[in-house]
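Trainee: Heads up: the protein sequence lines correspond to chains A and B, in order.
My numbering applies: residue 1 is where the first sequence begins, and numbers increase by one.
My numbering applies: residue 272 is where the second sequence begins, and numbers increase by one.
Note that these hints are calculated values from the structure, not bench results.
What follows is a list of derived Cβ distance ranges for each label pair: (1) B:545 / A:203: 42 to 50 Å; (2) B:358 / A:130: 39 to 47 Å; (3) B:479 / A:112: 28 to 36 Å; (4) A:134 / B:532: 21 to 29 Å; (5) B:310 / A:179: 34 to 42 Å; (6) B:537 / A:186: 48 to 56 Å; (7) A:225 / B:370: 50 to 58 Å; (8) A:31 / B:497: 45 to 53 Å; (9) A:112 / B:279: 41 to 49 Å.
The list that follows gives simulated cross-link-like pairs (lysine to any residue, SDA-like), each with its CA atoms no further than 25 Å apart: (10) B:356 / A:81; (11) A:56 / A:7; (12) B:486 / A:115; (13) B:356 / A:19; (14) A:56 / B:442; (15) B:547 / A:138.
Glycine included, every Cβ here is placed at the ideal spot set by N, Cα and C.
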Amino acid sequence: MQNPIIEICDLAYTYDSTPALSGVNVQINRGDFIAVIGPNGGGKTTLMRLILGLLKPQQGQLSVFGAPPGSNPARIGYVPQHSNTTQGFPAAAEQVVLMGLAQGKQRGFRFTAAEREAANHAMRRAGVLDLRHRRLNELSGGQRQRILIARALITQPELLILDEPLSNIDPYGRQCILETLTGLDSQTTVVMVSHDLGITANAVTDIIAVNHYALSAGGTKLTPAMLALMYGTHEAGCPVHALLQQWVDSATPSAPALPALITTEHTHEPR
Amino acid sequence: MNLADLLQQTFMQHALIASLLVSITCGVIGALVVVNRLIFMAGGIAHTAYGGVGLAFFLGAPVLPTAGLFTAGAAVILGALTQTKRERTDTLIGVIWAAGMAFGIIMINLTPGYNVGLMSYLFGSILTVPAQDLWVMLGIDGVIVGLTLFFYRDILSFSFDPDFARSRGIPVRFLYFMLLIMVAEAVVMMIQVVGLILVIALLTLPPYLAERHTKSLVGLMVASGLWSLVFCVGGLAVAYQFDLSSGASIIATACAIYLMFIVGQTGWQWLRTQTKTPA
Numbered sequence: 001m002q003n004p005i006i007e008i009c010d011l012a013y014t015y016d017s018t019p020a021l022s023g024v025n026v027q028i029n030r031g032d033f034i035a036v037i038g039p040n041g042g043g044k045t046t047l048m049r050l051i052l053g054l055l056k057p058q059q060g061q062l063s064v065f066g067a068p069p070g071s072n073p074a075r076i077g078y079v080p081q082h083s084n085t086t087q088g089f090p091a092a093a094e095q096v097v098l099m100g101l102a103q104g105k106q107r108g109f110r111f112t113a114a115e116r117e118a119a120n121h122a123m124r125r126a127g128v129l130d131l132r133h134r135r136l137n138e139l140s141g142g143q144r145q146r147i148l149i150a151r152a153l154i155t156q157p158e159l160l161i162l163d164e165p166l167s168n169i170d171p172y173g174r175q176c177i178l179e180t181l182t183g184l185d186s187q188t189t190v191v192m193v194s195h196d197l198g199i200t201a202n203a204v205t206d207i208i209a210v211n212h213y214a215l216s217a218g219g220t221k222l223t224p225a226m227l228a229l230m231y232g233t234h235e236a237g238c239p240v241h242a243l244l245q246q247w248v249d250s251a252t253p254s255a256p257a258l259p260a261l262i263t264t265e266h267t268h269e270p271r
Numbered sequence: 272m273n274l275a276d277l278l279q280q281t282f283m284q285h286a287l288i289a290s291l292l293v294s295i296t297c298g299v300i301g302a303l304v305v306v307n308r309l310i311f312m313a314g315g316i317a318h319t320a321y322g323g324v325g326l327a328f329f330l331g332a333p334v335l336p337t338a339g340l341f342t343a344g345a346a347v348i349l350g351a352l353t354q355t356k357r358e359r360t361d362t363l364i365g366v367i368w369a370a371g372m373a374f375g376i377i378m379i380n381l382t383p384g385y386n387v388g389l390m391s392y393l394f395g396s397i398l399t400v401p402a403q404d405l406w407v408m409l410g411i412d413g414v415i416v417g418l419t420l421f422f423y424r425d426i427l428s429f430s431f432d433p434d435f436a437r438s439r440g441i442p443v444r445f446l447y448f449m450l451l452i453m454v455a456e457a458v459v460m461m462i463q464v465v466g467l468i469l470v471i472a473l474l475t476l477p478p479y480l481a482e483r484h485t486k487s488l489v490g491l492m493v494a495s496g497l498w499s500l501v502f503c504v505g506g507l508a509v510a511y512q513f514d515l516s517s518g519a520s521i522i523a524t525a526c527a528i529y530l531m532f533i534v535g536q537t538g539w540q541w542l543r544t545q546t547k548t549p550a
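Chain B on its own, in the form it takes in the complex (with noise of 0.2 Å):
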């Protein structure tokens, strides 16, 4: 089958309308997730959503919104939970994500008959997104688009230095919150692309790669969403290529470029400091 023919399937139009819906919410909350440090709370929350598409499949409620709420749900109680121990935060977070996955198979265990789906939502299948999940993810990026351009002004402030934020009367309560249960609906938007397991990888190494060219936290998301695009598409053709898994081979192209981009620095580097030894 060639391209043209391939661009013609619904289920490819699906994963590639599915990897840009994506990579909008990826650059966004992928930026305010590594400039507010929350990658380990981002993984947190990612592994508690096991627990809400646990509940939907014994419910037999439709995954997306359910596991939404409960993801929602667990990410305001472990903020409440860190806000007021704070000096346990890594704890608790490891509690709430060994719970979420723990409630998510017990779940699993009661509901009749064999879920074959339920691995999807562990390592992602972005080939078989269904056309209601699209909206779904059209909503979700437009609630976080939205909210994110309405606040930016004070997301920004209170990314930088929160305390400076309070002092100036911002609501940085509210605003964290807010932010948990972006990361949220963001997390399980994902799930459908790259897996619960794997959602951390596509938060970060977008981020990552863009904050050096960048100077501004509006510049960093749009470049996060650019680089996840990338990903998301190279991975999807490396899976289709290699008749392989497309989150992990998402993340695989990721993690190369990722590599590619260290080595080709390193080596630039060495580069310039050996053309400016003096002989």
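So here's chain A without its partners, still in its complex pose (with noise of 0.2 Å):
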């Protein structure tokens, strides 16, 4: 029986004069774990910040466990690109990870035991608890990516999302990090946005096509009509129309990720 958590319906979003979304229809049901693909600017973010009440939905209905986005921050836990992060900053990983815990209620600045043992215990599901008392700065891409899911999942959130957890991540990384979600309770929601389909198709249960507007696979396949609305559409003969054929007929968990050769030039506009 479906439990959904995430219902949209007919949802638009625009920067300025800039249409990012439109028309956005998508459901997500508890346990799943989603995969939300699509180009660069495609709206995925928007997507992402909309759902977690970061950003206003201007036209559409959006809820999340029922209630408006932002209604249940501690239902939720986010994992934002790493890139947004302050590089540099003065804090142990341990120190990071209890920023998690963080509602706008608690005060003062030392951390009880309970808060401590908490964040020991999101570590150590995260496969970084070696690394608690390290600056973040001496740190790897993959292992802080690493901490930032741990930061995510110290209140045991029902819902995660993570927002480009693989990019710049060297393959080791990306396993450790895949590893770590597939591993949550099965009652654990996830909605990752990913470049990387070849890699993320050995979890997900869902493909979500962002690209001003969404299309969901129904399961791991990915349809040519997703495909058209990623990448556009390509007459026969054209090297990108061979490359996705390819890609709507052994859409596997083995897919390759789509090479640098599908760049704008190949690409027709969507739609």
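Two chains, two frames, a set of hints: combine them into the complex.
Mentor: Okay, structure coming up:
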């Protein structure tokens, strides 16, 4: 039985005069592991920010846990793009994880033993407990990303939203992050923005393609309509057409990431 | 005059107390300015404070409270403008920076008489801090330290990752404006010691020296405060010994220590690579 925790109906958002999202209809159920894919500038991050309540919908309906976005921050864990965090920040990894407990209510600068234990537990789940006393700028990109995942996990959220957690991470680091995510409680819903379908397909239960509009695959297999939405339509004989066809035919867990071959020169206007 | 006699002098006692009070604020606010990348913003606020000084002279009002209110107002306006036009932040800071200075100069032009004390607000005069200003400084210290401790967890989260902080329900906008107002008050307080032109150096050099060896924001604040105290007292001694301007001496001392630190660090790294290189 479906148990929707995110319901989006006819959602639209525009930055100044530039439309970012239009007519988006999506439903995400409890326990889903969703990969949100799409080209740069397609509106993936905007969609995540709308779900988190960081942006307000300008049109349509959006509910998270049956309430307006931002109403239940304690039930949601968020892992932003790690380039957004302050580099060289004076904090050990454990301090960063403890930041996940902040809710605008607790006071004082000392963390309790119970809070530290919660941080240790989250770091253990993310496989980074041994790094807890290391400064953030001493860690690799993959290790930092897993620290940010531990920060999101410290409150044991029911919904985990990750914005490109695998970008600029080496294959080993990606695998570690995916193992962390697939090892979560089956009731935890994961929504992950990613460019790399090849690796995410191992874990996901559904794919949502976003490029101003959104299309759900209803499974882990990409459809021609989704590829057309993301990368446009190409005539037979065009190298991109052959590549996209190959993707449709073999969109399986082992499908390769789209190579740099797909450029704007080869891509026609989607829709 | 020997050291014991010197320490008996009221002006020197006031200067040392002012050094301590400024160092506390400098440690807290300097750390927050650096980790939040608000250095240019702090520079803009510092120069805007000159408008408050000019207004105080024009009205014949006490300088510290008048400049404090004026600068806090300017900081709020600056914050609101930069929030709505993020892509124009640098330009807006530049405009407010110049407008504040210009307003201050015009106010002083319109003030009858010759304001000889005005230079002390540009370049600082820690040796002439009156007792009532020390009380105002103590009050500002109390408010800044109190607010920082009270909101520490939220400030920590907001400073590291504002988007995440907002997603957790932390009032990021409130914290941002509170931080700007605290910067404004800190700047007004520090004008007395190093002058508004040199404020930025005292806000940024201590955290820079401290940040390599700290693993927490509160640790950075404490270490920055200690460095600031070293700079202020050291600069005071240099100023007294060589009969130099106190504000410039404090900053020159800070810069000299900073350079020694950089040279020492580079030398140490070179030495380590030399000893590790196989023969």
